[in-house]
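Trainee: The primary structure of each chain is shown beneath.
Number of protein chains: 2
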Amino acid sequence: MRNILIIGGGGMVGQKLAQSLADAPLVPGDRVTLCDLMFPENGAPVAEQIVGTVTNSNVLKRLTTMKPDVIYYLAAIVSGESESNFDLGWSVNMEAFRTFLETLRAQVQASENTYKPKIIFTSSIAVFGAPFPDKIDDTFFQAPQTSYGAQKAISELMLSDYIRKGFFDGLSIRLPTICVRPGKPNLAASSFFSGIIREPLNGQTARLPVSPETRHWHASPRSAAGFLRHAATLDQSAYQNRPALNMPGVSCTVAEQIEALTDLAGAKVAARIQPDPDPAIEAIVKNWPRDFAPDRAKALGFKAETNFKQIIQVYLDDDFNG
Amino acid sequence: MRNILIIGGGGMVGQKLAQSLADAPLVPGDRVTLCDLMFPENGAPVAEQIVGTVTNSNVLKRLTTMKPDVIYYLAAIVSGESESNFDLGWSVNMEAFRTFLETLRAQVQASENTYKPKIIFTSSIAVFGAPFPDKIDDTFFQAPQTSYGAQKAISELMLSDYIRKGFFDGLSIRLPTICVRPGKPNLAASSFFSGIIREPLNGQTARLPVSPETRHWHASPRSAAGFLRHAATLDQSAYQNRPALNMPGVSCTVAEQIEALTDLAGAKVAARIQPDPDPAIEAIVKNWPRDFAPDRAKALGFKAETNFKQIIQVYLDDDFNG
Numbered sequence: 000m001r002n003i004l005i006i007g008g009g010g011m012v013g014q015k016l017a018q019s020l021a022d023a024p025l026v027p028g029d030r031v032t033l034c035d036l037m038f039p040e041n042g043a044p045v046a047e048q049i050v051g052t053v054t055n056s057n058v059l060k061r062l063t064t065m066k067p068d069v070i071y072y073l074a075a076i077v078s079g080e081s082e083s084n085f086d087l088g089w090s091v092n093m094e095a096f097r098t099f100l101e102t103l104r105a106q107v108q109a110s111e112n113t114y115k116p117k118i119i120f121t122s123s124i125a126v127f128g129a130p131f132p133d134k135i136d137d138t139f140f141q142a143p144q145t146s147y148g149a150q151k152a153i154s155e156l157m158l159s160d161y162i163r164k165g166f167f168d169g170l171s172i173r174l175p176t177i178c179v180r181p182g183k184p185n186l187a188a189s190s191f192f193s194g195i196i197r198e199p200l201n202g203q204t205a206r207l208p209v210s211p212e213t214r215h216w217h218a219s220p221r222s223a224a225g226f227l228r229h230a231a232t233l234d235q236s237a238y239q240n241r242p243a244l245n246m247p248g249v250s251c252t253v254a255e256q257i258e259a260l261t262d263l264a265g266a267k268v269a270a271r272i273q274p275d276p277d278p279a280i281e282a283i284v285k286n287w288p289r290d291f292a293p294d295r296a297k298a299l300g301f302k303a304e305t306n307f308k309q310i311i312q313v314y315l316d317d318d319f320n321g
Numbered sequence: 000m001r002n003i004l005i006i007g008g009g010g011m012v013g014q015k016l017a018q019s020l021a022d023a024p025l026v027p028g029d030r031v032t033l034c035d036l037m038f039p040e041n042g043a044p045v046a047e048q049i050v051g052t053v054t055n056s057n058v059l060k061r062l063t064t065m066k067p068d069v070i071y072y073l074a075a076i077v078s079g080e081s082e083s084n085f086d087l088g089w090s091v092n093m094e095a096f097r098t099f100l101e102t103l104r105a106q107v108q109a110s111e112n113t114y115k116p117k118i119i120f121t122s123s124i125a126v127f128g129a130p131f132p133d134k135i136d137d138t139f140f141q142a143p144q145t146s147y148g149a150q151k152a153i154s155e156l157m158l159s160d161y162i163r164k165g166f167f168d169g170l171s172i173r174l175p176t177i178c179v180r181p182g183k184p185n186l187a188a189s190s191f192f193s194g195i196i197r198e199p200l201n202g203q204t205a206r207l208p209v210s211p212e213t214r215h216w217h218a219s220p221r222s223a224a225g226f227l228r229h230a231a232t233l234d235q236s237a238y239q240n241r242p243a244l245n246m247p248g249v250s251c252t253v254a255e256q257i258e259a260l261t262d263l264a265g266a267k268v269a270a271r272i273q274p275d276p277d278p279a280i281e282a283i284v285k286n287w288p289r290d291f292a293p294d295r296a297k298a299l300g301f302k303a304e305t306n307f308k309q310i311i312q313v314y315l316d317d318d319f320n321g
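Sequences listed follow chains A and B, in order.
The numbering of the first sequence is numbering that gives the first Met the number 0, which starts it at 0 and goes up by one.
The numbering of the second sequence is numbering that gives the first Met the number 0, which starts it at 0 and goes up by one.
Just so you know, the hints here were simulated from the structure itself, not pulled from any lab data.
For each residue, glycine too, the CB sits at the ideal point set by N, CA and C.
Treat the hints with care, as some may be off.
Far from chain A, some chain B residues (derived; all Cβ distances over 12 Å) [as the list claims (entries may be wrong)]:
{"#": "1", "residue": "Pro44"}
{"#": "2", "residue": "Gly79"}
{"#": "3", "residue": "Arg104"}
{"#": "4", "residue": "Val126"}
{"#": "5", "residue": "Gly148"}
{"#": "6", "residue": "Ser154"}
{"#": "7", "residue": "Glu212"}
{"#": "8", "residue": "Pro242"}
{"#": "9", "residue": "Glu255"}
{"#": "10", "residue": "Gly265"}
{"#": "11", "residue": "Asn286"}
DSSO-like mimics (lysine-lysine), calculated; alpha carbons at most 27 Å apart, straight line [to be verified]:
{"#": "12", "chain 1": "A", "residue 1": "Lys164", "chain 2": "B", "residue 2": "Lys285"}
{"#": "13", "chain 1": "A", "residue 1": "Lys134", "chain 2": "B", "residue 2": "Lys302"}
{"#": "14", "chain 1": "B", "residue 1": "Lys164", "chain 2": "A", "residue 2": "Lys285"}
{"#": "15", "chain 1": "A", "residue 1": "Lys267", "chain 2": "A", "residue 2": "Lys134"}
{"#": "16", "chain 1": "A", "residue 1": "Lys60", "chain 2": "A", "residue 2": "Lys117"}
{"#": "17", "chain 1": "B", "residue 1": "Lys183", "chain 2": "B", "residue 2": "Lys267"}
{"#": "18", "chain 1": "B", "residue 1": "Lys60", "chain 2": "B", "residue 2": "Lys183"}
{"#": "19", "chain 1": "B", "residue 1": "Lys115", "chain 2": "B", "residue 2": "Lys60"}
Examples of chain B residues toward chain A, derived with CB under 7 Å [what the hints assert, rightly or not]:
{"#": "20", "residue": "Val58"}
{"#": "21", "residue": "Lys60"}
{"#": "22", "residue": "Gln141"}
{"#": "23", "residue": "Ala152"}
{"#": "24", "residue": "Asp160"}
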């Protein structure tokens, strides 16, 4: 029996992952524990839910004392909030992660290295900053243009060094923007990419804060859970020395998103999208990646959708209650 | 009158910079203060020397309360020691730099943004990790293979975000290996690159811990001081959003270093180099960069030597007492 811990397991991606592990365990008997500030009602079925914050060192001690075999680290302040609350973003996204690594290293060293956990950290394509090549390859440099992106890039570098020193196995997964997110808008600057699909399908109007020409990089929540599942099955030797991977995804413009929505749900639904330019959102999003050549991840077996219609269909299949 | 502060000003590069600023101030009347754990006897003439460590928050408060206009941040645990003492490297090279940034930000914010210092941070080509392209260009990714390299890459990312948010101006200067270092060997894994030139010129034998085919990237102490001087004269708009620059240098093998020494000082001097392979040093150095195409830095006016003979000649001119 293995212990799997999902830190930030109350959030959307964490819940998708937990549900996926409940539906089809990676290894029969895997025991899944979640930690987060709060959990949804009727959430994914797991062995245990621990309420706590990663900024509390006692919580980190309790979690690491359980000696989880696989730790998914998803907890983060999202991009928009990290931009508006500088101190909070650095505290949660960088300093708490460093304290987590140190707390876990203490467990590993106390075990005389008989305990060697695997850490799967959710990073982001926000580690990159404009200007970009047409497609970002696997050796393009990290020059983030948001605090969130800087904190993710730094966390990757910290984790990579702890891995290199042999304290843990691990991998950083640079998620595309996850779309279509179920539920309500959040404080991420990318929230509208889901909103313009989800709200119209549910009979509501949606604000479009950027130009229809805006191109971006997407994958579904189902793909996100799939990336994280697959990451846990890979051997460290497959990606050693470069344990941060750009994930596959779909590159498309907002206009192409709207076209896919029109094809699947009709012009009347798509007409619920209302242009409403927001310079603050535009300023953030214009520095975000548009397209990738994620060759390493593909060679390692990571898979995503290949067009935006498939992404909408995943929402209709998995989350739509209309 | 401007205040210039050099944190780590007691070290070799700090002293070269301070001497250069004494010989030819950037702006007439510039007042130079150094901070370090210790200072050499008969060191560079400066207005003030402050003994203190960057891991002491009271020292950082004292330094930032002086409201320096330009701050050179050179303090670091070197690569070899950061590799052997994991905790010390992270504490000094990452956490102290973060505390420095926060302490300085508090000064800036207390001034209601009338105070806007410029931070020039000495980073390193150790932010890169093998395998490499033939020449590393300005958009090659940071995948360090030492803790020192990880800490430098992280510090750059932190500084970049504070700059992007408008708290400071600033720039990270990724120094080549500085060669020929005067004085004694240090704990840097790169120390032998200087040792094999300096010791033979001074009548002593020198250990060569790596293969003669080892190719690496060098610049003289005079060039290092020149980079740092030039960085202070650039306007933020020249490099905004990407304030970390690979410096120019000389790419050559150890065999070519020895050939240059033989040309300048004769075969008898070069014969004082004794092969003495050290697997620990080889393991670090084999993951270090060998050659660069530092186009951005060159376009911005940064200059270095163009062959290794010139580098030895700088040592003979500036530091040799034989």
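Trainee: Hint by hint, say whether it matches the structure.
Mentor: Results for each hint:
1. The claim that B/Pro44 is not at the interface with chain A holds, since no C-beta of that chain comes within 12 Å of its own (minimum 39 Å).
2. No Cβ of chain A comes within 12 Å of the Cβ of B/Gly79; the nearest lies about 15 Å off, and the non-interface call holds.
3. The beta carbon of B/Arg104 sits about 9 Å from the closest Cβ of chain A, which is not more than 12 Å, so the claim that it is off the interface is violated.
4. Against the 12 Å criterion, B/Val126 falls within the reach of chain A, whose nearest CB is about 9 Å from its own CB.
5. At roughly 9 Å, the least C-beta separation between B/Gly148 and chain A is not larger than 12 Å, which violates its mark as non-interface.
6. Not every CB of chain A is more than 12 Å from the CB of B/Ser154 (nearest about 9 Å), against its label as outside the interface.
7. Every CB of chain A lies more than 12 Å from the CB of B/Glu212, the least distance being 22 Å, so the non-interface label holds.
8. Non-interface status of B/Pro242 relative to chain A is broken: a Cβ of that chain comes within 12 Å, the nearest being about 9 Å off.
9. No Cβ of chain A approaches the Cβ of B/Glu255 within 12 Å, the least distance being about 27 Å, so the stated non-interface status holds.
10. Here B/Gly265 stays apart from chain A, with its beta-carbon at least about 42 Å from theirs, past the 12 Å limit.
11. Distance to chain A contradicts B/Asn286 as a non-interface residue, since its nearest Cβ pair spans about 8 Å, not more than 12 Å.
12. This hinted pair checks out: A/Lys164 and B/Lys285 have alpha carbons roughly 17 Å apart, not beyond 27 Å.
13. For the hint linking A/Lys134 to B/Lys302, the alpha-carbon distance of about 32 Å lies beyond 27 Å, and the restraint is violated.
14. A C-alpha spacing of about 17 Å is found between B/Lys164 and A/Lys285, which places the hinted pair at or below 27 Å, so the restraint holds.
15. Of the supplied pair hints, the one linking A/Lys267 and A/Lys134 is violated, its CA atoms being roughly 34 Å apart against a limit of 27 Å.
16. Distance restraint check for A/Lys60 and A/Lys117: the Cα-Cα separation of roughly 17 Å lies within the 27 Å cut-off, and the hinted pair is therefore satisfied.
17. For the hint linking B/Lys183 to B/Lys267, the alpha-carbon distance of about 22 Å falls within 27 Å, and the restraint holds.
18. Proximity of B/Lys60 to B/Lys183 is assessed by CA-CA distance (about 32 Å); at most 27 Å being required, the pair is judged violated.
19. For the hint pairing B/Lys115 with B/Lys60, the CA-to-CA distance comes to about 16 Å; that is within 27 Å, so the pair holds.
20. The criterion of a C-beta within 7 Å of any C-beta in chain A is not met by B/Val58, whose closest approach is roughly 21 Å, and the hint is violated.
21. Against a cut-off of 7 Å between C-beta atoms, the interface hint on B/Lys60 is violated, since the closest Cβ of chain A lies about 18 Å away.
22. At about 6 Å, the closest approach between the beta carbon of B/Gln141 and any beta carbon in chain A falls short of 7 Å, and the interface hint on this residue holds.
23. A hinted interface residue such as B/Ala152 counts as satisfied when its beta carbon comes closer than 7 Å to some beta carbon of chain A; here the least separation is about 5 Å, so the hint holds.
24. A distance limit of 7 Å between C-beta atoms decides the matter here; for B/Asp160 the minimum to chain A is near 4 Å, and the interface restraint holds.
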